[in-house]
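Colleague: All chains should be built: construct the whole structure from the sequences, respecting the hints.
2 protein chains.
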Amino acid sequence: MTPLQIKALTFDVFGTVVDWRRSIIHEGSRLNREKALTINWSEFADAWRARYQPSLSQVRNGDRPWANLDQLHRESLATLTHQFGLDCFDQSELDRLNRVWHRLEPWPDTVPGLLRLKRKFILATLSNGNVALLVNMARHAGLPWDAILGAETARCYKPLTQSYLVTAQLLGLAPGECMMVAAHNYDLEAARDCGFQTAFVYRPTEYGPGQTKDLEPTCDWHVVADDLIDLAVKLGC
Amino acid sequence: MTPLQIKALTFDVFGTVVDWRRSIIHEGSRLNREKALTINWSEFADAWRARYQPSLSQVRNGDRPWANLDQLHRESLATLTHQFGLDCFDQSELDRLNRVWHRLEPWPDTVPGLLRLKRKFILATLSNGNVALLVNMARHAGLPWDAILGAETARCYKPLTQSYLVTAQLLGLAPGECMMVAAHNYDLEAARDCGFQTAFVYRPTEYGPGQTKDLEPTCDWHVVADDLIDLAVKLGC
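Which chain is which? The protein sequence lines are A and B, in order. Throughout the first sequence, residue numbering follows the working numbering, covering 4 to 240 in sequence. Throughout the second sequence, residue numbering follows the working numbering, covering 4 to 240 in sequence.
For the record, the hints were derived by calculation from the structure and aren't laboratory data. Please read these numbers as outputs of a predicted model, since none were measured by experiment. Note that CB positions come from ideal geometry on N, CA and C, so glycine has one too. Warning: the hint list may mix true and false statements.
[Unchecked claim] Per the computed footprint, the stretches of chain A lying under chain B, defined by three or more beta-carbons under 8 angstroms from a beta-carbon of chain B, are:
1. 131-139
2. 143-154
3. 168-177
Modeller: Right, here's the structure in full:
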């Protein structure tokens, strides 16, 4: 079957578009200097992110009502404060730290790659991040999205089917007219199962120097790209 | 009470940001030339738009399940084809005409005004238009939205309360941190009742030379502006 013409690219954001780990370490290092602390922010970032999928699972499984990612991040942060020596942070400082996810930095290729891709395709987020987080991040990092969509607008976290299908529907497109762009094989598997086309982007240092997963594409995705500029080249932009 | 600091401007779109009537007449005139027709597109545009509020009311009142604005526009169009002499249009041509709402033109001040406002504020749609319509319009007209929100993401048409409250919530803001920008007093009244700040923009020719409503602000809105550039000036951008 000939693939449909791609009209929109839908992006995973954390890891694929922005370098969450380095951004948290960077902001944490500044806090260490300002407050004369010796927190290990690499370990902290990894521990915070390690609570991401378990916290989403509770919502996905219906063990709790809908909660957006800002809320889930804040709850995870609360469980880590004592362990990592953040007891000296008051609640408003913890709230501010929680919003580091709104201030994540893009990978070097991200903005030029997106600007090229935008000439030809609708660019939408399809992220588990909530709308406010993604809007603030886009303004901070200069990400030229046409639409901020994903889990919150679908009321359903990836990789559940509805998160992909509702996003395509909101764009007024058939799933096959959308290409999911992600650095994570599980995300592309779920998108493919919904009928999306798929593009794998290498982000071999997302989890730091010791990353063990998603180092390679695990299926024959429609496109495999070194980064978002390479994706633009491969999609003829 | 001191007003909260404004963080986001939420915009009505049809009439406030784009000139739907002139755009439909313009596209219709081209169709007249191409197909040697003599359709009165001014009357057609007014008749099409006259079916807008009644069609929304059916959804608002729960007389029918959710339907997005593309669907409602398409149904209204079907009721007008015979009356206006569009019988020579086949279904795909009518589908294409229905998408004229995706190709509306901005007022002359719109794009420069929005670009100035964007320096200081989050810019979001709070429109009864569906996401696909607004995304395509933004790409067509160069509208630099940070977020495409409104009726479809709230599953509720203006002026019902939830359309405003859900939009503020998705932006992660209190209603009072949002300013509704509209050329229509009824929209500002509903937004104000939800706690939004309000800006009235004069669009005295939205409904053509014989416009009778919304020629003046009917309340003491927080700001009254001649156009979006004037709004930028008045908001200190």
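Colleague: Which numbered hints turn out to be false for this structure?
Modeller: none
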